[in-house]
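Keeping their order, the protein sequence lines are chains A and W. Residue 260 in numbering that gives the first Met the number 0 sits at position 261 of the first sequence, with consecutive numbering throughout. Residue 210 in numbering that gives the first Met the number 0 sits at position 211 of the second sequence, with consecutive numbering throughout.
Only true hints are included.
List time: in silico DSS-like cross-link candidates among lysine-lysine, alpha-carbon distance up to 27 angstroms: (1) 264/W x 9/A; (2) 53/A x 53/W; (3) 264/W x 199/W; (4) 198/W x 275/W; (5) 275/W x 121/W; (6) 9/A x 121/W; (7) 198/A x 237/A; (8) 121/A x 121/W; (9) 264/A x 275/A; (10) 275/A x 9/W; (11) 350/A x 409/A; (12) 409/A x 325/A; (13) 9/A x 121/A; (14) 121/A x 9/W; (15) 121/A x 264/A; (16) 363/W x 27/W; (17) 310/W x 325/W; (18) 9/A x 275/W; (19) 264/W x 237/W; (20) 409/A x 363/A; (21) 121/A x 199/A; (22) 264/A x 9/W; (23) 121/W x 237/W; (24) 325/A x 363/A.
Please keep in mind that the hints were generated in silico from the structure rather than gathered at the bench. Keep in mind that this is a model prediction, so the values were computed, not measured.
Protein chains: 2
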Amino acid sequence: MARINENYLKLPGSYLFAEIARRVNRFKTENPSADIIRLGIGDVTRPLVPAVIKGMEAAVAEMGQESTFRGYGPEQGYDFLIQTIIANDFAARGVTIGEDEVFVSDGSKSDVGNIQEIFSDKAKIAITDPVYPVYLDTNVMAGRTGALGEDGRFAGITYLVCNAENNFCPALPESPVDVIYLCVPNNPTGTTLSRSELKKWVDYARETEAVILFDAAYEAYITEADVPHSIYEIEGAKEVAIEFRSFSKTAGFTGTRCAYTVVPKTVMGRTEAGEKVPLNQLWNRRHTTKFNGVPYIIQRGAQAAYSPEGKQQIREVVDYYMNNAKVIREGLLSMGLTVFGGVNAPYIWLKTPAGLDSWGLFDKLLTEVNIVGTPGAGFGPAGEGYFRLTAFGNAERTIEAVERMKTQLKL
Amino acid sequence: MARINENYLKLPGSYLFAEIARRVNRFKTENPSADIIRLGIGDVTRPLVPAVIKGMEAAVAEMGQESTFRGYGPEQGYDFLIQTIIANDFAARGVTIGEDEVFVSDGSKSDVGNIQEIFSDKAKIAITDPVYPVYLDTNVMAGRTGALGEDGRFAGITYLVCNAENNFCPALPESPVDVIYLCVPNNPTGTTLSRSELKKWVDYARETEAVILFDAAYEAYITEADVPHSIYEIEGAKEVAIEFRSFSKTAGFTGTRCAYTVVPKTVMGRTEAGEKVPLNQLWNRRHTTKFNGVPYIIQRGAQAAYSPEGKQQIREVVDYYMNNAKVIREGLLSMGLTVFGGVNAPYIWLKTPAGLDSWGLFDKLLTEVNIVGTPGAGFGPAGEGYFRLTAFGNAERTIEAVERMKTQLKL
Chain A
0 MARINENYLK LPGSYLFAEI ARRVNRFKTE NPSADIIRLG IGDVTRPLVP
50 AVIKGMEAAV AEMGQESTFR GYGPEQGYDF LIQTIIANDF AARGVTIGED
100 EVFVSDGSKS DVGNIQEIFS DKAKIAITDP VYPVYLDTNV MAGRTGALGE
150 DGRFAGITYL VCNAENNFCP ALPESPVDVI YLCVPNNPTG TTLSRSELKK
200 WVDYARETEA VILFDAAYEA YITEADVPHS IYEIEGAKEV AIEFRSFSKT
250 AGFTGTRCAY TVVPKTVMGR TEAGEKVPLN QLWNRRHTTK FNGVPYIIQR
300 GAQAAYSPEG KQQIREVVDY YMNNAKVIRE GLLSMGLTVF GGVNAPYIWL
350 KTPAGLDSWG LFDKLLTEVN IVGTPGAGFG PAGEGYFRLT AFGNAERTIE
400 AVERMKTQLK L
Chain W
0 MARINENYLK LPGSYLFAEI ARRVNRFKTE NPSADIIRLG IGDVTRPLVP
50 AVIKGMEAAV AEMGQESTFR GYGPEQGYDF LIQTIIANDF AARGVTIGED
100 EVFVSDGSKS DVGNIQEIFS DKAKIAITDP VYPVYLDTNV MAGRTGALGE
150 DGRFAGITYL VCNAENNFCP ALPESPVDVI YLCVPNNPTG TTLSRSELKK
200 WVDYARETEA VILFDAAYEA YITEADVPHS IYEIEGAKEV AIEFRSFSKT
250 AGFTGTRCAY TVVPKTVMGR TEAGEKVPLN QLWNRRHTTK FNGVPYIIQR
300 GAQAAYSPEG KQQIREVVDY YMNNAKVIRE GLLSMGLTVF GGVNAPYIWL
350 KTPAGLDSWG LFDKLLTEVN IVGTPGAGFG PAGEGYFRLT AFGNAERTIE
400 AVERMKTQLK L
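So here's chain A without its partners, still in its complex pose (with noise of 0.2 angstroms):
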């Protein structure tokens, strides 16, 4: 008798995305001829940029020679785009990490859900609300939790609140957790945290031997200077955080797939009986027993976007959609609405206007303006009451959507 893993039942059935799927559908079926503008999947929509087809070209030509084709590859990815990111994105930023303390992958998405299992199945995790679904429903699955509450939230997990109450800078979990899950700048909120906030939660974790699970996705959209770019900015990091990054929002890889894992050799767990043992011990492990590396193509791709033509290509693409965020936020600022993120992130949140929940609001600008979003209450219960647009759209779609809702929107 195949007994299954019970755990995957807990999480509730209809994922976000296929209710916005669903009524969108159902509305386009009674509205045909409705001119529908979607600013709601995180997804970019411009192009990869030249430099990278050039690698990416180059090397589909070398995996046609027999002189120059690759077979399997290190697992943690090829020296040269381990080399080209550490000089990149650590070094130039006066960080050293070490070329086995990186570990190249398919995507930020897989090394999130995955990292847990590298920890204890009675670790305690502590999240925002809201929050990137994955953090949580992968610790569901590996039954770190108990049920889903009538409030929305599973048993056993630790919740840190993001909301304007607390201007999106969550207070310290009040008794004690192994792991903590934290976005920066953040998706869904498109807020971020100050170096100063920052170092309370490296305090905090060196203090308590907690891990934070740092997930960086959305770093190069970070504007202001007092805003870190990496988590090892912060003194003492080395010793606590693992840090996410990924070629999606950066580079457009969404659909190339390549991100980046840092694992410091001085981050620590502990057995049960108190033994150390380096979590880069075990990252590798899980890392090469259960994935074979990135595509050789896509791994000299994700190097071009490092050449200086790549940086400056790619920096192009991500002003023009922090320019997106611009129109966004101040169309929204406006008309008198209540607007977080869109400086450091390409993500807007709003706070629902008066009356309306995130999905009664997500009903009327679908219904008033043919505009999709995300309603804040998708990404968990303290996300009610807001709602999430992305710039990651065509400038003159974005600035059409804005003129719709300034014009239009029954307030």
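Please build the complex by placing chain W on the supplied structure of chain A, with the hints as guidance.
Quick look at chain W alone, frame taken from chain A:
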């Protein structure tokens, strides 16, 4: 305090291929002029075929244009690839598979490593001995075993011995199990199961409600008519089997990364309370939560492998390797050695000559004729007394290796 997953610590530190590399490097240092021929690791050496290169070139170009750029695709894979897979690998053999039963992934290593997550942590696991190490290691990491014993076996695992005595057809488990891993054609032994042998396993799984995890990564190397290419050719298998397929050995994708897994909706697991749950639903949840799809470019390359030119070109590459297999097999037989495999698989599994254990033969081959193979003991205790050679090398070098063994090896 970040408590770790202590199951990882049960795994022995030194890995087979690392130990091989260590011995080869020491030999090279001491004998810098030695001309080493590697018939060890199972990696392909022929370049990607022109049809695949052409498919990927076109896809790279698409990714550089706004109108054809692709962001996030379906986690399960694009319809164009899934439909091509079903038509060629299943419908053409009379097997009906639904589009939502196929999950495209970055590799069979990932899939056979991750699949255990959907089963209970109490599930009883059966693996063959010798075995591809990932099946075992991932279950150790998940806590489904006790410690490693002095006999080289983990407590709690049901080992199914495959050796010359049973013609590499393992006996059915003596007591019930939940999950059975079968690799057919087999790595490392190069042997297969006939239709009637495989039917015995399907019948057993149906009777006992076990699930068979069927790794068919070497399917393209089958030459004999009586060997099924898919387990679904066996009546009833769609009730009890999950099948893993890979482009790695078929189309030379070891460094390009694409595979797929078939989970028929009719394969059920059970909760402890006895409720039946489709494993398709659980795997879909796992795949969509922890994975974000294979690069669009790579999926187009995989699709192109099924074009008429692609199939013809790939057939030539497989024939090239299988000619190597024939050369090795016949050469060893002519030396009076006992040899298995090499007919429906690119692996030759030889019995070590009297007086030598598998590491003894490794050292002898390395020092006397400068050939690197893989000691059978590295694949499990029942691999002791055997040795693996692979057919993935260059044809001329393979001929030379066999010539050296025939003329210079002192047995």
